[in-house]
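Chains A and B are the protein sequences, given in the same order. Okay, so the first sequence: first residue is 1 according to this note's numbering, each after it adds one. Okay, so the second sequence: first residue is 1001 according to this note's numbering, each after it adds one.
Hints were generated in silico from the structure; no laboratory data involved. Among the hints, erroneous ones may be present.
[Stated by the list, open to error] Listed next, the stretches of chain A that the computed footprint assigns to chain B, with coverage defined by at least 3 CB atoms under 8 Å from CB atoms of chain B: (1) 116-129; (2) 142-150.
[Stated by the list, open to error] Across the chosen pairs, the derived CB separations fall in these ranges: (3) A1111(B) to P39(A): 40 to 50 Å; (4) A1071(B) to L61(A): 17 to 27 Å; (5) L1013(B) to C77(A): 44 to 54 Å; (6) D199(A) to G1088(B): 28 to 38 Å; (7) G1087(B) to V175(A): 43 to 53 Å; (8) W1019(B) to C77(A): 16 to 26 Å; (9) G152(A) to G1087(B): 12 to 22 Å; (10) E29(A) to A1114(B): 47 to 57 Å.
Only a predicted model underlies this, so the values are computations on that prediction, with no experimental measurement involved. Glycine included, each C-beta is placed from N, C-alpha and C at the ideal position.
Each chain, written out:
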Amino acid sequence: MSEMPPTDSAPIPPPPPPAPREAGLPWEEPSAGLGAIFPTAVGFVTRPIESFSRMSLTVDLVRPIAYFVACALIAACISQLWGYLLYDSFIGVVRSLAGSQFDKIAPFVKKPGLLQLAATLVLTPLVSLIVLFVWSALVHLMLTLLGGANRGFAATLRVMCYAQTTQLAVVVPGVGGLIAVVWRLILEIVGLSQAHKTDGWKALLAVLLPLCMCCACIVFAIVAFGAAVGQAFQK
Amino acid sequence: MAWLWAVCAGLALALSPLWHAVAALVPACPWHAWTGWPCPGCGTTRALTHLLHADPWGALRFNPLAVTAAAAFLGGGLAAPMWFALGGQAPCLPSRQRRAGAAFVAFGFFANWAWLCASGV
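Next up, chain B with everything else stripped away, as it sits in the complex (with noise of 0.2 Å):
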């Protein structure tokens, strides 16, 4: 599983010339044209692409989740083949826990829409 995501977040950093050329395509969002108010996904491409072009700054001010998300795929990718080949053990959220995991995502989420609606994106 560790070298399935390696593959994969190889091949999502090989295909960047594809993401490029797709992200042009990508047309503007209907939510946001229909109600004024941008939607949790608002922002991505925006986000990804200053994220492909080494701009993580730049690509925080887009949606900071979907930056963290797309960090943590990436990065994870990387290191996730070397912490099992050093014997690490696959992360297990404790039941005890969900419930505060459930409530960190639900607040990061909102947390994000909040910010996509206050700064306009």
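Just chain A, with the same shape it has in the complex (with noise of 0.2 Å):
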């Protein structure tokens, strides 16, 4: 008689169930359209540490890309708008941060027309590319030399693309820009530290010593702006 395999042996266990998968940003899922902007957005405002954490590092790069130029451009319309319809407070604020240089840029503020507004929707998303790239060239190579940088450069370009939420502050009018210059950097620290999965005094030192080797300038120029405002509200 044929010797029978036993019967009792224990059943081969299935295999365990796949690991659910962390749900991605809004805007990187496959079938998402433009109307997924204003949920990422939502969530990079209201939640930017769990957003960080979510977005993907391998998701292909004009993805991050193009949601950093259309940030770029609603912010870009917004200010146009401002611009004109604040015309005259704008040139107070201008006028004084200018003090005696106003007369060289005087022949270059003007009013917003059709004009200047085709001609920003143009130029910005191409000068906010090269500024992208650079400043993102810049802040990686300070993370590499502070040994913070564990994903290399896709990882810094993604956040410094989703960190471009921050300009939609300009609809607040007047000081939206310096909120939104602010509160860049907060998000750029937060990004680099989901994103390489690194420390925070490192994204932080990242972040603020490109500024610092550019300037003190920059130090002034914020403080400059912030008294020009308060100057020509005043008025």
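Using the hints, build the complex out of the two chains.
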């Protein structure tokens, strides 16, 4: 009689279920359309740490760059609108900031018109792309030298792209730009520490060192801007 | 990434007229006006304007570090796609060389600043 295999052997356990895939950013879903910009932006505004931790490090770079360009264009349009509606106050601020040099720039500071809006819409994405790349390279260089760049340049670039969400602060007239600058620095620091899984102090230095190297002028500019705005509103 | 770099470098060159127009609007350095000493970025606008006019030696007089960085950005943007097309690898700084790299960057930064102060840019 042939040997029969034992029937009391333990059945082969089923394979473990795959780990549930953490939901990514709405904008990075394969089927995401333009409408996904809004929930993505809301996520970065209300829950930045969670949003950056959900940010994909493998999805095509076209997605975050497109988000960056979209935010830049929206912010540029809003800025032009405020420039048109609040032109007189804006001129007062520029005059206070520029001081004796106002005469040099006066011919270039005109009330926004259709031509200026069209030029802004064309030039904003181009110039923003250059600034994005150069700034990302500077920050990544600093982060690399500090030993915090654990995920490569693409991760830094993605963080800089999504940090552009802060440009939407220009909906606040006058000081919206200043809010956007400060808020952007904070978001970049949060994003870099999340994306590169690195210490917060390294991300902080990576963002602040290039600013300090470029200038003390930037600090001056921020202080002077605040003073000029205060002066303009007093008039 | 190499192609993004190339596109950005190409755009930077194509938008030269815009940079020339903006350069005329850049105000004088407030740090220089307040302290009498140039900040690390002083001379950058003049240096880049000279560079865009294909006058590298004139550009170097104003801010050598800015010129070097700009040249690296433009040259790298042109070379990066070819480098990767020929099978080159992305440069990587080993961790043991990171301190030397940081020291080199810091030295370059302060040497450039010292040059700006000495040359009275």
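Can you tell me if the region 116-129 of chain A counts as covered by chain B, using C-beta to C-beta distances under 8 Å and a minimum of three residues? holds (count 4)
Just tell me: holds or violated, for the beta carbon distance of A1111(B) and P39(A) against 40 to 50 Å? 49 Å Cβ-Cβ, so the 40 to 50 Å window holds.
Hint check for L61(A) and A1071(B) - Cβ pair distance inside 17 to 27 Å: holds (25 Å)
Quick check on a hinted range of 28 to 38 Å for D199(A) and G1088(B), using CB atoms only. holds (32 Å)
Confirm or reject the claim that W1019(B) and C77(A) have a C-beta distance inside 16 to 26 Å. The hint (16 to 26 Å, Cβ to Cβ) holds, given that W1019(B) and C77(A) are roughly 23 Å apart.
Cβ contact check, 8 Å cutoff: the region 142-150 of chain A against chain B, three residues minimum: holds (count 4)
With 44 to 54 Å as the target window, see if L1013(B) and C77(A) comply at their CB atoms. Given a distance of about 27 Å, which is not inside 44 to 54 Å, the answer is violated.
Supplied distance hint 12 to 22 Å, evaluated on CB atoms of G152(A) and G1087(B): With Cβ atoms ~19 Å apart, the hint holds.
Honestly, do G1087(B) and V175(A) meet the 43 to 53 Å range at C-beta? holds (51 Å)
Falls inside 47 to 57 Å, the C-beta gap from E29(A) to A1114(B)? holds (52 Å)
The structure fails to meet hint 5 from the earlier list, while all remaining hints are met.
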